[in-house]
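S.K.: So you can see what is in the structure, the chains are spelled out below.
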Amino acid sequence: MNLFPELRKSFIASLWFMFLTFPIMVIRVNTIENIVEWRWMNLVFVGIGSFFLSWLWRYLLSRKEMGVNKKTDDQDRTSLVSRLMKNKQLIIPAAALLAIFTIIFPHIFSTYQTSIMITALIYVMLGLGLNIVVGLAGLLDLGYVAFYAVGAYAYGLLNYHFGLGFWTALPVGAALGALFGILLGFPVLRLRGDYLAIVTLGFGEIIRLILENWNEFSFGPSGIANIPRPSFFGMDLSIQWATVYIYYIVIGICCITIVIVGRLQDSRIGRAWIALREDEIACQAMGIDKARTKLNAFALGATWAGMAGVVFAAKTTFINPASFTIWESIIILCIVVLGGMGSVVGVVSGALVLILLPEYLRAFSEYRLLIFGAILIFMMVFRPGGIVSDVRRVYRFESSAMDDKPQEYS
Amino acid sequence: MKAVLEVKGLSKDFGGLRALNGLDLDVGEGEIVALIGPNGAGKTTFFNCITGMYEPTEGDIFISPTGNGNVKERLQGLKPNQVTAKGLARTFQNIRLFQNMTVLENVMIGRHCRTKAGIARAIFRFASQRREEREIVKKSFEIVEKLGLKQYVNEFAKNLPYGAQRRLEIARAMATQPFLLLLDEPAAGMNPHETDELDELIRKIRKDEGISILLIEHDMKLVMSLSDRIYVLDYGQKIAQGTPKEIKNNPVVIKAYLGEEIDA
Ligand SMILES: Nc1ncnc2c1ncn2[C@@H]1O[C@H](COP(=O)(O)OP(=O)(O)OP(=O)(O)O)[C@@H](O)[C@H]1O
Ligand SMILES: [Mg+2]
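These protein sequence lines are chains L and V, in that order. Just so you know, the first sequence maps onto residues 35 to 444 in the working numbering. Just so you know, the second sequence maps onto residues 8 to 271 in the working numbering.
Source of the hints: derived by calculation from the structure; they are not laboratory data. Incorrect hints may have been included.
With the Cβ distance kept under 8 Å, some of the chain L side facing chain V (calculated, not the full set) [stated by the list, open to error]:
| hint | residue |
| --- | --- |
| 1 | 48 |
| 2 | 136 |
| 3 | 302 |
| 4 | 305 |
| 5 | 315 |
| 6 | 322 |
| 7 | 323 |
| 8 | 330 |
Just so we're clear, the structure is a prediction, and the values are computed from it rather than from any experiment. The beta-carbon is built from N, C-alpha and C at its ideal position, and this holds for glycine as well.
Using the sequences plus the hints, can you model the full thing?
M.R.: Rendered as C-alpha cells:
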C-alpha cells in the first residue's frame, strides 16, 4: 500500500468529518447561563477518531483486494467455520456437547433466560423461512412479518372464538401462512429486485394496518390477551413449566425446520430456487417454470412464519399489531443477510447473535439499530457472503459407467 | 429428409423496427444448419422467438421431434420452459450460467424438466426421490465428462475459463435432452485451438446423440466446416441459403458482409 496518499486521504476524510459534525459536537447553547459553549476538545476527538477509522477502513479494503489478487478460486477461501464443519473428529463431540447443552438449558438457567432463548429460537425459525425466499430464491421480501402476524392472529382469534388449542392452531397457522404467501406471490410474480421489495413492504404494512384498524375483527391496537400457553396432554402447566415446555417445542420445530430446509436445498426444487436467484432468464430456458418456483418459495417461506407466529402468540399470551411492524421484517432480513444467504448454519448463528446480543448488552439497546447498520455495511464490504457463506455440496467424480450413488463428502 | 423445425414467414417488430421479416427456415433431422449475418441482423432475435422469450409478430413455428413420426406441433404461445420441455434447448450469446452453482449443479438444473420430484418428496426423501436424484447426478456426470469439463466438476461456474464456460452452456442445454440444439455464437471468445475442439464436439453431439443443431456463428471457418446448410440474414431478411460452397461464392452475401448497399 502506498503510504503517503493513503494518509492524505484519511486526513481529508477526518477534516470533512470535523466540518460535518462541527455544529453538533462543538457548539452547545447553554440555556441556563445563556452562553454558547465552544467544546474544541470534541473537535480534536472527532478528527483523530475519524482519521484512524478511515485509515483502518482503507487498510482493510486494500488487504482484501490483495487477498483477492493472490487467490482467485473461492473454493480454497471457504470460511473457517465451514472448514471446521468438515472436520469429523471435531464435529461429532461438538455436536454432542451442543445437543446436551440445548437439552439441559432450561434446567440450569432461569425462566427469564429460557424465555429469551425461546425468542431467539423463534427468530431462528423466521430466519430459516425467510432464507428460502431471500437466500435461496433471491426474492427480496420486506413484508415477511405479515405472515408472522397471520400465524399469531390465527391462533389468537381461533382460540378466542372457537377455543382451539395450540396443537390444532399450529398446522392451521402454517397453512394460513402458506395461503397468504401464495396470495402475495401471485401479483408479484413479474416483479424482481427493488420493485418486489417495495410491493412486499406495502403488503406487510397493509396487514398490520388492517389488524390495527379493523376493531371488530382483530380488536385493534389493544390486541388479544389471555391466549393460552400450550397444555401438556390436557394439563395446564405453571408459567415456569410452560416456558420449559415451549422451549422444547421450539427446539423441536427448529430441528425439524433445519432438516427440512437442508433437504430442500439439496433437492430438485432447491436447485431450481437457486437457479432462479442466479439468472431468471437462463432458468426459464432450462425448463424451470418460473411462476411455480416463485410461488413455491413464497408459500414455503410463509409457512414457517405462520408457525413461528403461533408459537409467538402462545409464548407471550398477548398479541397486538405493534409486534408486527416493518422493523421486525428488517431484523429478520438482517439475520439472513448477516448469517449468510442460503446457509442454514449461517442463519442460525445470525439469529442467535442478533437477538441474544442486544438482550445481554442492554446498555447498548438504544443504539441497536445503529450498530445493526454499521455491522451490515461492514459485512457487505468485507464479507458479502455473510458469517458462513453458502457452501455447495461437493460430489466426487467417478467414471460415467458407475452404477452406485457417487460418494459425496460435504 | 424430415424437418424437425419448420419456420414460416416469421416476423418480429420492436416498435418501428422490423428485426425479422418473413423468415422461412427449416432444420432437417440430424442436420447442422448455420444462421449467419452481420451484427444486428436479427439472429439472436430469431432464437428468442423460437424459444418463447419473444412473441413473434407474425408467422408460424412447427416442430416435429425426432423419433415421433411425422406429427407436427405448433410452438406458438408456449412459455420458454414449455418450449424446453418440448425438446428445444439453447445457449446464450452473452453467457448466462448460474454463477454461484458448481458445474455439476448447472448441468443438474438442465435435468429439471425431465424429472418431477416435488416439495413433499424432497422433504420426506421417498425412495422414488432418491432414485431420481441418483439418476440426475449420474446423467449429469456423463454429460460433464462428455463435454470435457471433468476437471471442473465441483468448481463454481464463475471460476471457469471462458472456453469452458461456453462448453458448460452446451452441457447444460444437453441435459434437457433436446432433439434440437440452438447454439448462439458458441465459439465467441475462443482461441483457434478451442474452436477446433468445439468443431469436433458439435460433430460428436450430432453423431452420438442424433441431435440436430442450429448454429449462429461469426467464425466463418467453423461455419463452413460444420454446416450442412447455411442461411444468411441481413436486416432481418433472408438474403441467401445453401450449402457452404454456394454461400461462399454468393455475391449478395459477400456484399452484405462488406457492408455495401444491396441492389440485388
Ligand atoms: N428487446 C429488444 N428491443 C428492441 N430492439 C431489439 C431487442 N432485441 C433486439 N433488438 C434489435 O433487433 C435487431 C437485431 O438484434 P439481434 O440481437 O437479433 O442481432 P444479432 O443478429 O444477434 O446480432 P449479433 O451478431 O451482434 O449478436 C437489432 O437492431 C437490435 O437492436
Ligand atoms: Mg446475437
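S.K.: Determine for every hint whether it applies to the structure shown.
M.R.: Taking the hints in turn, this is what the structure says about them:
Because the smallest distance between the Cβ of residue 48(L) and any Cβ of chain V comes to about 38 Å, over 8 Å, the interface hint for this residue is violated. Below 8 Å, beta-carbon pairs count as interface contacts, and residue 136(L) has none with chain V, the closest being about 23 Å; its hint is therefore violated. The restraint placing residue 302(L) at the interface with chain V holds, with a minimum CB-CB distance near 5 Å, inside the 8 Å limit. Restraint check, residue 305(L) versus chain V: the minimum CB separation of about 6 Å is within 8 Å; hint holds.
Of the supplied interface hints, the one on residue 315(L) holds, with its beta-carbon coming within about 6 Å of a beta-carbon of chain V, less than 8 Å. The restraint placing residue 322(L) at the interface with chain V holds, with a minimum CB-CB distance near 5 Å, inside the 8 Å limit. Hint status for residue 323(L): holds, given a least beta-carbon distance of 5 Å to chain V, under 8 Å. Using the Cβ-Cβ criterion of 8 Å, the hint placing residue 330(L) at the interface with chain V is satisfied: the shortest such distance is roughly 6 Å.
Of the hints listed earlier, those the structure fails to meet are numbers 1 and 2, in rising order.
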